[in-house]
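Trainee: Each chain is listed here by its residues.
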Amino acid sequence: MAYQLYRNTTLGNSLQESLDELIQSQQITPQLALQVLLQFDKAINAALAQRVRNRVNFRGSLNTYRFCDNVWTFVLNDVEFREVTELIKVDKVKIVACDGKSKCLP
Amino acid sequence: MDQNNSLPPYAQGLASPQGAMTPGIPIFSPMMPYGTGLTPQPIQNTNSLSILEEQQRQQQQQQQQQQQQQQQQQQAAVAAVQQSTSQQATQGPSGQTPQLFHSQTLTTAPLPGTTPLYPSPMTPMTPITPATPASESSGIVPQLQNIVSTVNLGCKLDLKTIALRARNAEYNPKRFAAVIMRIREPRTTALIFSSGKMVCTGAKSEEQSRLAARKYARVVQKLGFPAKFLDFKIQNMVGSCDVKFPIRLEGLVLTHQQFSSYEPELFPGLIYRMIKPRIVLLIFVSGKVVLTGAKVRAEIYEAFENIYPILKGFRKTT
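Residue numbers (full-length UniProt numbering), protein chains in the order written: chain U, 1 to 106; chain X, 1 to 318.
Certain hints may be false.
Here are a few chain U residues that sit away from chain X, every Cβ distance over 10 Å (derived from the structure) [said to hold, decoys possible]: (1) Q50; (2) K94; (3) K101.
Listed next, with one range per pair, are the computed distances between beta-carbon atoms [said to hold, decoys possible]: (4) G224/X with G100/U: 27 to 37 Å; (5) E207/X with W72/U: 28 to 38 Å; (6) E265/X with A43/U: 51 to 61 Å; (7) L48/U with K174/X: 47 to 57 Å; (8) R278/X with K89/U: 33 to 43 Å; (9) I180/X with K89/U: 23 to 33 Å; (10) R53/U with E206/X: 52 to 62 Å; (11) A43/U with S205/X: 49 to 59 Å; (12) V84/U with L266/X: 42 to 52 Å; (13) D69/U with G139/X: 31 to 41 Å; (14) Q221/X with Y65/U: 15 to 25 Å; (15) K160/X with I95/U: 15 to 25 Å.
I should point out that these hints are in silico values taken from the structure, not numbers from a laboratory. For glycine and all other residues, C-beta sits at the position ideal for the given N, C-alpha and C.
Take these sequences, add in the hints, and give me the full structure.
Mentor: This is how it looks when you write it as structure tokens:
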């Protein structure tokens, strides 16, 4: 079972909205939509683990942190995301992080 | 006198009054009423230093017996004054300044007819322990580095709720059964347990520790728990200071082996377990000293004043 962490991303939200539209127009069942989302979870976790190689560094000041249920949540301020190609500056960023090594639970 | 000004305000009351002939060793100011019924009782002094001096002192008891009897009648104030080596910061009516010296008086023998302990301005100061010269107070004040305190919030807590809703909290029940929360002002860390008990660490003063504990209690209260603030108690205080000269730890462990343990292969500092007050000191070759195990600030100061003359005796001369 993969983390459902990525459902609340641009990609995941677009998928969820599309599925909701299809459910509204009675083209698919809610059960099918759920299966699609589960498949999305597996696919996105696998893709990020296998197909993504680039490295990004970031640095900022820590505003708050939380660790509960093995999930870290950070809020950073004045963050610089640095990749070899480019630099992005942001005032506030929220980071939700799950354990990469161990087996998960949604 | 300059040495008085170098002392923190609450210790200045103990410093020798202006114009006293004493070499600056702290005695109670004449303001302190003597004979209020809180006259120090003879307590067998188990201070490590006094054990060493007992022998020397007893030799001189007879000589000074009568002299001291006259002095005691003349003197209005002053319970007792330490010997030349100034190991014992003796206390007079402890009720007067409860926050200054908690330990009962360390007088060696205050009863009339026993050995001495305070100088009269008329007679010259007779060192009780002729071996060590009279010394003044060190003028160095240990700085508090850490205070550990506990408090009972008085109600059961749901740690998961606290961890999810409070900021700057960690909760990993598999590893440790408490929420670890931190605040920035005063910079401290708290361990909050489901029983409602809490440990607060990292503060640099007693008041800061209490304030921090109150802040944590308020956080818990705002989350909806009926938190109270019961039995706040400071459990440990750590202080450190620098005597500014190198120390011969080997020499110190040889003469004070009952109290010291020094294993340079294990740890570079000498661990000195002072009996009275019950403080553990880590003494390093550089001259830095760490004092821990105190329940009150005065114990740290007292322990340092006790150890300073000893350390001076083991100063490295090369």
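Trainee: Hints the structure violates: just list their numbers, smallest first.
Mentor: When the structure is compared with the hints, numbers 7, 8 and 13 turn out to be violated.
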